[in-house]
Amino acid sequence: MPDTSNMPHVDMLRSPLGRARGLGSARAGSTHWWAQRLTSVALVPLTLWFIWSVLHLADASQVDVGDWLGSPVRLALMLALIAATSTICNLACRS
Amino acid sequence: MRDVRDALMVARNSDGKLVRRPLSPHLQVYRWPLSMALSITHRVTGVGLGIGTLLLTAWLATAATSEAGFERFQYFLGSAFGLFLLFCWSLALVFHLMTGLRHLLMDTVHGYDETTYHYTGIAVLVATGVLTVLIWLVGLLTW
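Taken in sequence, the protein lines are chains H and D.
Residue 19 in this note's numbering sits at position 19 of the first sequence; the count goes up by one each step and never skips.
Position in the second sequence (first residue = 1) + 95 = this note's numbering.
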């Protein structure tokens with residue numbers, strides 16, 4: 001009898017419809033997509049602000065940095081930068 | 096027992112005969128077009144920037160704790176290795192920002208045709224080079 005183990009054949013008792021039903025979408029993609037777009041859009045001005053700020057602080061002392069970050073607006077921007085960066089890291093590594 | 100995934104690799108052709116599905120060739124068979132190189136570099140720089148954020152948080156943490164620690168950290172950043180790290184980081188940041196802007200443009204369903212896609216890719220490279228050099232010129236002149 002010839003060896004047929006390498007011939008194309010089906011050895012799973014499952015219909016094509018059943019197979020397709022087991023796959024399908026994850027149903028959570030649009031939230032992920034939107035969050036990634038929101039954070040990336042927010043990071044455009046934040047990144048430009050960050051580069052500009054770092055250039056200003058090139059030879060700053062600890063007191064200078066303290067004074068600089070003492071402003072509530074700058075602190076909020078810095079926290080937003082770190083939060084948005086961490087979020088996009090998490091989202092983008094999974095997409 | 097055979098792997099159940101083998102069942103997914105078998106289908107009927109138009110004659111109704113059972114055949115093995117062909118496997119598509121993977122990355123190594125293609126020559127590298129610009130779009131492919133930019134795409135993978137976007138991801139690599141993204142991971143690099145994620146790790147590089149540790150440098151920012153370390154800088155903020157030393158600024159919040161002690162003067163001596165902050166001075167040491169600033170000294171490290173001003174050393175040859177520190178400047179090298181900062182240069183790589185700024186290059187990655189500007190590149191990722193530029194390719195990111197290109198991605199946002201593509202999200203508006205623009206720039207997908209072959210010519211535009213190629214030229215926006217070249218624009219990304221030119222803008223990255225120009226902006227990084229500009230940042231370092233300003234930084235080193237005001238330092």
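What the hints contain is simulated information worked out from the structure, not anything from laboratory work.
One should not assume that every hint holds.
Label pairs and their in silico Cβ distance ranges [unchecked claim]:
#, chain 1, residue 1, chain 2, residue 2, range
1, H, Arg74, D, His121, 16 to 26 Å
2, D, Thr148, H, Ser61, 36 to 46 Å
3, D, Asp202, H, Asp3, 31 to 41 Å
4, H, Trp52, D, Tyr214, 44 to 54 Å
5, D, Met131, H, Ser30, 19 to 29 Å
6, D, Leu220, H, Asn6, 44 to 54 Å
By construction, the Cβ of each residue, glycine as well, lies at the ideal position given by its N, Cα and C atoms.
These are the hints, each one checked on the structure:
1. A hinted range of 16 to 26 Å is violated for the C-beta pair H/Arg74 and D/His121, which are about 48 Å apart.
2. At about 23 Å, the beta-carbon gap between D/Thr148 and H/Ser61 misses the expected band of 36 to 46 Å.
3. For D/Asp202 paired with H/Asp3, a C-beta distance near 54 Å fails the hint of 31 to 41 Å.
4. With their beta carbons about 28 Å apart, H/Trp52 and D/Tyr214 fall outside the hinted range of 44 to 54 Å.
5. Taken as a hint, the range 19 to 29 Å holds for the pair D/Met131 and H/Ser30, whose Cβ atoms sit roughly 27 Å apart.
6. Distance hint check: the CB atoms of D/Leu220 and H/Asn6 are about 49 Å apart, consistent with the given range 44 to 54 Å.
Comparing the model with each earlier hint shows violations of hints 1, 2, 3, 4; every other hint is respected.
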